[in-house]
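Peer 1: Please put together the full structure from these sequences, using the hints given.
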Amino acid sequence: MEGNDNNNAAIVEVIDNGPVKITGQIVLRDLKKDITVTLTEVNLCRCGRSCNKPYCDDSHRN
Amino acid sequence: MEMEKNSFSGGRRYRNDEITVYWKPDACVHASYCYRELIEVFDPGRRPWVDMNGATTERIIEVVNMCPTEALTWKWNDESKNREISADQTNHVIFRRPELLEETEPLGQANPVSVKIMTDGPIIIKGDFTFSYSGNKKEMKQGIISLCRCGASNQMPFCDGTHRKIGFEDK
Numbered sequence: 001m002e003g004n005d006n007n008n009a010a011i012v013e014v015i016d017n018g019p020v021k022i023t024g025q026i027v028l029r030d031l032k033k034d035i036t037v038t039l040t041e042v043n044l045c046r047c048g049r050s051c052n053k054p055y056c057d058d059s060h061r062n
Numbered sequence: 001m002e003m004e005k006n007s008f009s010g011g012r013r014y015r016n017d018e019i020t021v022y023w024k025p026d027a028c029v030h031a032s033y034c035y036r037e038l039i040e041v042f043d044p045g046r047r048p049w050v051d052m053n054g055a056t057t058e059r060i061i062e063v064v065n066m067c068p069t070e071a072l073t074w075k076w077n078d079e080s081k082n083r084e085i086s087a088d089q090t091n092h093v094i095f096r097r098p099e100l101l102e103e104t105e106p107l108g109q110a111n112p113v114s115v116k117i118m119t120d121g122p123i124i125i126k127g128d129f130t131f132s133y134s135g136n137k138k139e140m141k142q143g144i145i146s147l148c149r150c151g152a153s154n155q156m157p158f159c160d161g162t163h164r165k166i167g168f169e170d171k
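One line per chain: the protein sequences are A and U, in this order.
So in the working numbering, spot 41 of the first sequence is number 41, and the numbers just go up one at a time.
So in the working numbering, spot 85 of the second sequence is number 85, and the numbers just go up one at a time.
Hints should not be assumed to be uniformly reliable.
Stated by the list, open to error - What the simulated footprint calls covered on chain A by chain U, stretch by stretch (three residues with Cβ under 8 Å from a Cβ of chain U suffice, anywhere in the stretch; the number is not a length):
no., segment
1, 9-20
2, 23-32
3, 39-50
Claimed, not checked - If you only want the chain U side, here are some residues facing chain A, beta carbon under 8 Å, derived:
no., residue
4, Trp49
5, Ile123
6, Gly127
7, Thr130
8, Ala152
As the list claims (entries may be wrong) - Restraint ranges, calculated between C-beta atoms of paired labels, are given here:
no., chain 1, residue 1, chain 2, residue 2, range
9, U, Arg47, A, Lys33, 17 to 27 Å
10, U, Asn53, A, Asp58, 52 to 62 Å
11, A, Lys32, U, Pro68, 15 to 25 Å
12, U, Ile39, A, Asn52, 24 to 34 Å
No lab work stands behind these hints: they were computed from the structure.
All C-beta atoms in this analysis are idealised placements derived from N, C-alpha and C, irrespective of residue type, glycine included.
Peer 2: Here's what the structure looks like:
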């Protein structure tokens, strides 16, 4: 990866026809469920069809 | 242990051997949980008003977590312990003031990126991160993006408000 001089840097990658993949030090807050979690990697649903929102469950493939 | 340099941008900090407590006066709404629960540590009539030797670390954490605002927050001095914080530690800086995770610690720790799942709405991502989508790549510094979560935006991958028109609902 070019210019990656900060090995702690977070990466937000929108995967074509798939979820948004986030890696790094992540604080995720779900306002509706009123939960906060810390994570280092997560795939979030972008299609609106996951049965495990906000996480991707591969429903976009169906 | 006596406190080190007593100020940071926006307020003051107080340390014992295990934790640092941050005090941000602007954010205080005078709910007064702190001194009603633990006057030995939080005494508004004393200078400095916080005495980190006045109670155990566990008790100080417990009372700081009662503060309903970000006026009082805390973190472990051992940075490695700040990475796995359970959600009931409500006033740990990671939830209230993540920028303070790095404060006084020139260890090259990146600030965590903040990801908010809005109610029946988009994903709001804030902070420092590399953002890549459809072949584009951008370095975001204190950046903010709003990504579609309903699948119906006309501005993919960004939110354009369509979730309201289609009645998108989290289940």
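Peer 1: Each hint: holds or not?
Peer 2: Taking the hints in turn, this is what the structure says about them:
Check result for the segment 9-20 of chain A against chain U: holds, 8 residues qualifying (beta carbon to beta carbon below 8 Å, three or more required). Given as covered by chain U, the segment 23-32 of chain A passes the check, having 9 residues with a CB less than 8 Å from a CB of that chain where 3 are the minimum. Three residues within the 8 Å Cβ limit are the bar, and the segment 39-50 of chain A against chain U gives 7, so the coverage statement holds. Checking Trp49(U) against chain A: minimum C-beta separation of about 29 Å lies over 8 Å; hint violated.
Hint status for Ile123(U) relative to chain A: holds, with the closest Cβ pair at about 6 Å, below 8 Å. For Gly127(U), the interface hint holds, since its Cβ comes within 8 Å of a Cβ in chain A; the closest pair sits about 7 Å apart. Annotation: interface hint on Thr130(U) holds; nearest CB of chain A at approximately 5 Å, less than 8 Å. Restraint check, Ala152(U) versus chain A: the minimum CB separation of about 7 Å is within 8 Å; hint holds.
Taking 17 to 27 Å as the suggested C-beta distance range, the pair Arg47(U) and Lys33(A) does not conform, at roughly 43 Å. Between Asn53(U) and Asp58(A) the CB atoms are about 54 Å apart, so this pair conforms to the stated range of 52 to 62 Å. Taking the beta carbon of each, Lys32(A) and Pro68(U) are about 21 Å apart, inside 15 to 25 Å as hinted. Between Ile39(U) and Asn52(A) the beta carbon distance is about 46 Å. The supplied range of 24 to 34 Å is therefore violated.
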